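A.B. asks: The chain contents come next:
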Amino acid sequence: MRPDRAPWWLKAMAGGGLLFLHLPILLIFVYAFSSEAKTFVWPPPGFTLQWFGRAWARPDIWEALSLSLRVALIATLVALVLGTLCAAAVARTRFFGREAVSLLVVLPIALPGIITGISLRSAFSLADIPFSFWTIVLGHATFCIVVVYNNAVARFRRVSGNLIEASMDLGATYGQTLRHVILPNIATALLAGGMLAFALSFDEVIVTTFTAGQQATLPIWMLEELVRPRERPVTNVVAMVVVLVTLLPILGAYYLTRGTETVAGSGK
Amino acid sequence: MTAAVSFRGVSRHFGTVKAVDGVDLDIAEGEFFAMLGPSGSGKTTCLRLIAGFETPTAGRIELFGEDVSGRPPYRRAVNTVFQDYALFPHLNVLDNVAYGLMIAGVPKAERRRRAEEALSMMALPGYGGRKPSELSGGQRQRVALARALVNRPRVLLLDEPLGALDLKLREQMQDELKTLQRKVGITFVFVTHDQGEALSMADRVAVFNEGRIQQVGSPEEVYARPRTRFVADFVGGSNVLHPGVAALFGGRPAWASLRPEALRLGPPEGARITGVVTAARYLGAATRLVVDLGAGAPPDGRSDVAVLVPGGHPVPAPGTRVGLAWDAEALHPMATE
Numbered sequence: 001m002r003p004d005r006a007p008w009w010l011k012a013m014a015g016g017g018l019l020f021l022h023l024p025i026l027l028i029f030v031y032a033f034s035s036e037a038k039t040f041v042w043p044p045p046g047f048t049l050q051w052f053g054r055a056w057a058r059p060d061i062w063e064a065l066s067l068s069l070r071v072a073l074i075a076t077l078v079a080l081v082l083g084t085l086c087a088a089a090v091a092r093t094r095f096f097g098r099e100a101v102s103l104l105v106v107l108p109i110a111l112p113g114i115i116t117g118i119s120l121r122s123a124f125s126l127a128d129i130p131f132s133f134w135t136i137v138l139g140h141a142t143f144c145i146v147v148v149y150n151n152a153v154a155r156f157r158r159v160s161g162n163l164i165e166a167s168m169d170l171g172a173t174y175g176q177t178l179r180h181v182i183l184p185n186i187a188t189a190l191l192a193g194g195m196l197a198f199a200l201s202f203d204e205v206i207v208t209t210f211t212a213g214q215q216a217t218l219p220i221w222m223l224e225e226l227v228r229p230r231e232r233p234v235t236n237v238v239a240m241v242v243v244l245v246t247l248l249p250i251l252g253a254y255y256l257t258r259g260t261e262t263v264a265g266s267g268k
Numbered sequence: 001m002t003a004a005v006s007f008r009g010v011s012r013h014f015g016t017v018k019a020v021d022g023v024d025l026d027i028a029e030g031e032f033f034a035m036l037g038p039s040g041s042g043k044t045t046c047l048r049l050i051a052g053f054e055t056p057t058a059g060r061i062e063l064f065g066e067d068v069s070g071r072p073p074y075r076r077a078v079n080t081v082f083q084d085y086a087l088f089p090h091l092n093v094l095d096n097v098a099y100g101l102m103i104a105g106v107p108k109a110e111r112r113r114r115a116e117e118a119l120s121m122m123a124l125p126g127y128g129g130r131k132p133s134e135l136s137g138g139q140r141q142r143v144a145l146a147r148a149l150v151n152r153p154r155v156l157l158l159d160e161p162l163g164a165l166d167l168k169l170r171e172q173m174q175d176e177l178k179t180l181q182r183k184v185g186i187t188f189v190f191v192t193h194d195q196g197e198a199l200s201m202a203d204r205v206a207v208f209n210e211g212r213i214q215q216v217g218s219p220e221e222v223y224a225r226p227r228t229r230f231v232a233d234f235v236g237g238s239n240v241l242h243p244g245v246a247a248l249f250g251g252r253p254a255w256a257s258l259r260p261e262a263l264r265l266g267p268p269e270g271a272r273i274t275g276v277v278t279a280a281r282y283l284g285a286a287t288r289l290v291v292d293l294g295a296g297a298p299p300d301g302r303s304d305v306a307v308l309v310p311g312g313h314p315v316p317a318p319g320t321r322v323g324l325a326w327d328a329e330a331l332h333p334m335a336t337e
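So the protein sequences, as listed, match chains C and U. Per full-length UniProt numbering: the first sequence ends with 268, consecutive numbering throughout. Per full-length UniProt numbering: the second sequence ends with 337, consecutive numbering throughout.
It is possible that part of the hints are untrue.
Chain C is faced by these chain U residues, among others (derived, beta-carbon under 10 Å) [said to hold, decoys possible]: (1) V78; (2) P89; (3) M102; (4) P333.
Everything labelled a hint here was simulated from the structure, so no lab data went into it. The structure presented is a predicted model; accordingly, all values stated were derived computationally and were not measured. Each residue gets a CB set at the ideal place from its N, CA and C atoms; glycine is no exception.
The following block holds chain C by itself, in its conformation from the complex (with noise of 0.2 Å):
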């Protein structure tokens, strides 16, 4: 049967909340073009490309976006290879304890980041570790793995078991089996699961805080320049690549998983 037409109240509301979401968004990125450098006006006094040119220039922008990169990267193979392993012994193993595994692997997300940060500074200083990007790095690695987890957790246990046994049956080593098997099943899984860190982990304010030390990522950055205002578009122009690098990965990773309901090697 086909749904009746919405009616217009319907419709209105929805696009409120479209909007509502999206218009503060839409917002900033005008404001990238103004040329007005102070203050938030509206309408824009007029319009120019010249903060594009000056974000172009400036070396703390471009290193606060390295780190930012170099961070996500490494958090998200961190994540990767750990999250993957969790889950392949969670969804293919019994053993005393798991139910409690899965859950305590996923707390980190539930978790305040404020506590995560908190509780990771203080194991930091207690083992005398100094901070430096490989602090950010763990940090950003508690949640990633969480994103990664669930992704490969889920798909594991879409993929018959029934298919590792096939696949020695026919002569094939662990080895031969997790190449030729395994991992071309989990694939988009992970590439999904990774792309969701990459994205977490790029805009991450909170953890950073507490577990970078004289660094800044872009977001920790961003911050910054809002306490103290230098030029005001110049922010503007940075938020729409923040949008922009963390936008991608999500859209990829939902067309990844996406129309994958039928169960992988079910049979029927």
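Keeping the supplied structure of chain C fixed, place chain U upon it in accordance with the hints.
C.D. replies: What follows is chain U alone, placed relative to chain C:
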């Protein structure tokens, strides 16, 4: 001649569960062998022990005289057709069939040729480019068979091979599997809970119950001369007669089996045994009657017997008193219990 598969005192215990418990078994080369039993009887675990997915907790498993007890599945000349077929969803049909050859390092052109040959043999020529998800259940089964046979295993294991098919396809595949086995000439070991399947396809049948083998023999032997009450009951619903009732029928006072089709109805006058018909079930080719002998029911046995009346014979209505006739050799005393 060395057996293709032999079990020597093989057990597989999972904690306190004795899935397989002290099994001795020899399967000859070229034999079509069925492992029959209810679920949880240990038949599937035995198959997995042959394949190498399980290792025995006690005993020895030999393939063609070689001890393989601790050998992983990828080092055994055995291939399996899984119950749910376990086709690789990310590979097309041709690559599925060629998987074992690819792993074995067979050059691409040759493995392609051999995989296509195997598909033709399974009446699936030209299906190589499809994904397993685009095939019907029967076609998937053929692909699974081709994928296993293309490696030229010395033993083919089939786990409930017809379980997922509908009735008509199942009967057709029974004939095809039998023909296929004769054509390729290798040992087939298949697991089933369907006694009809086991009796119609296998050269020999092993009947499993609670981790042990109750009887091994040709289908005729297992059907006509069950060794235990379990076999008599599980393989085709024979009448299991209490020692007291067996004596009534002129046998030794021991548990005995008497097949329903071996009993004939007659007039009650002058008959050695009479009874009252209590129920009738029409089966198409025959009618199955339950006749109460009323001979003082023994404590742990039944005093009624099933009688199969072939089509075309008059069927007495429930409540009618009838006489029973049978051939003395049809009464088969059972060795144990």
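A.B. asks: Determine which of the earlier numbered hints do not hold for this structure and return their numbers in increasing order.
C.D. replies: 4
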